[in-house]
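S.K.: Generate the whole structure from the sequences, applying the supplied hints.
Residue numbers 13 to 302, in my numbering, belong to the letters of the sequence shown in order.
Do not take every clue at face value.
[To be verified] With beta-carbon atoms standing in for the labels, derived distance ranges:
(1) 64 - 135: 27 to 37 angstroms
(2) 236 - 295: 22 to 32 angstroms
(3) 182 - 78: 15 to 25 angstroms
(4) 239 - 290: 44 to 54 angstroms
(5) 68 - 41: 36 to 46 angstroms
(6) 85 - 294: 41 to 51 angstroms
(7) 161 - 242: 32 to 42 angstroms
(8) 298 - 220: 25 to 35 angstroms
[Unchecked claim] For lysine-lysine, the following BS3-like pairs were computed, each having C-alpha atoms within a straight-line distance of at most 27 angstroms:
(9) 104 - 267
(10) 267 - 179
(11) 145 - 267
(12) 178 - 267
(13) 236 - 141
(14) 267 - 143
(15) 208 - 223
(16) 141 - 223
It should be emphasised that the hints constitute simulated quantities derived from the structure, not laboratory data. Note that the structure is a prediction, hence the values are computed from the model and not measured. For each residue, glycine too, the CB sits at the ideal point set by N, CA and C.
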Amino acid sequence: MNFKKIIATVLSSVALFANVALPAFASTTLEITGNGADSNNTTTVSTDQQTVVAQTNTSNIVNDVTADSSTGGNKADKNTGGSVNIDTGDSKTLVTVQNSANSNIADVENCNCGTDAEVVISGNGADSKNKAKLNLGGSTIVAQSNDSYVSNNVDADSSTGDNSAKKNTGGNVEIATGNAVTHVDLSTAVNSNWAKVSGGNHVLGDGVSLKILGNGADSSNAIKLDLGRDILLQQYNDSEINNWVTTEAETGDNKAKSNTGGASSIDTGNAFAGAVVDNAANFNSANVDC
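M.R.: The following block contains the structure:
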């Protein structure tokens, strides 16, 4: 008994990962102290931190798969003086195609959240003018984009049929085929974004201390504080998936005719053709806890 089995497997995968740990702002101290009467004193400190994480994937996947297996197509014609038998084995064609592409992971820690700053205006003379300006700012930008094109073209066939036993004389004629099985398992998973922007346990401005004390008569004292942080998170996916799947299983199309002097029989096996197609695309997940 003959047996034929064909297995075709195609795998593809693309992923991009980024883990960014940012330092917090260093401690900042502004102090205006001990200046004389009628003096005019100004101090300004500005700090800015910008973090940009950009992840871009582009994939073009084309699978052309042709798989065939056959134990059929046998001929026993025009024999004389004996029995004629055609007995085929089973035929199986199994195709697996797995596509996995365009996965972005970004984990950005400390989005300018922990800030220690101290501003002190003290001990300045009468009629003095004292001004302190503190600007603490920052921005975090995370941009993730995926663009994928997937084309799967699968043609799978399995056959134990198309056997011929014709014009035989003087004996029994028998054709018995095995089973024909064809199965295609096709899966595509593309375009996923996961982003986390976190600042630990810090709260913006939780380490800032402002003090105006002990200044002279008629003095003018001011502290201007600007705390700001921008977070921009962008996630974009675009996908095109095309699947063309053809499966065929055959045990028939057998011929036993024009035979003389005996019985003729055809006994076919089972034919099974199946396909599973699973497409998953365009997933976004974002967690911002600053």
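S.K.: A separate judgement is required for each hint: does it hold in the structure or not?
M.R.: Evaluation of the provided hints:
1. 64 - 135: 27 to 37 angstroms: 44 angstroms, violated
2. 236 - 295: 22 to 32 angstroms: About 45 angstroms separates the Cβ atoms of residue 236 and residue 295, which means 22 to 32 angstroms is violated.
3. 182 - 78: 15 to 25 angstroms: 43 angstroms, violated
4. 239 - 290: 44 to 54 angstroms: Since residue 239 and residue 290 have Cβ atoms about 49 angstroms apart, the given range 44 to 54 angstroms holds.
5. 68 - 41: 36 to 46 angstroms: Given a distance of about 42 angstroms, which is inside 36 to 46 angstroms, the answer is holds.
6. 85 - 294: 41 to 51 angstroms: 46 angstroms, holds
7. 161 - 242: 32 to 42 angstroms: Holds, at about 34 angstroms.
8. 298 - 220: 25 to 35 angstroms: Distance hint for residue 298, residue 220 holds at roughly 29 angstroms.
9. 104 - 267: Cα-Cα ~22 angstroms, so holds.
10. 267 - 179: 10 angstroms, holds
11. 145 - 267: 98 angstroms, violated
12. 178 - 267: This hinted pair holds, its Cα atoms lying about 7 angstroms apart.
13. 236 - 141: Judged against 27 angstroms, a Cα distance of about 14 angstroms means the pair holds.
14. 267 - 143: Violated, because 105 angstroms separates the two Cα atoms, which is more than 27 angstroms.
15. 208 - 223: 36 angstroms, violated
16. 141 - 223: Judged against 27 angstroms, a Cα distance of about 15 angstroms means the pair holds.
Of the hints listed earlier, those the structure fails to meet are numbers 1, 2, 3, 11, 14, 15, in rising order.
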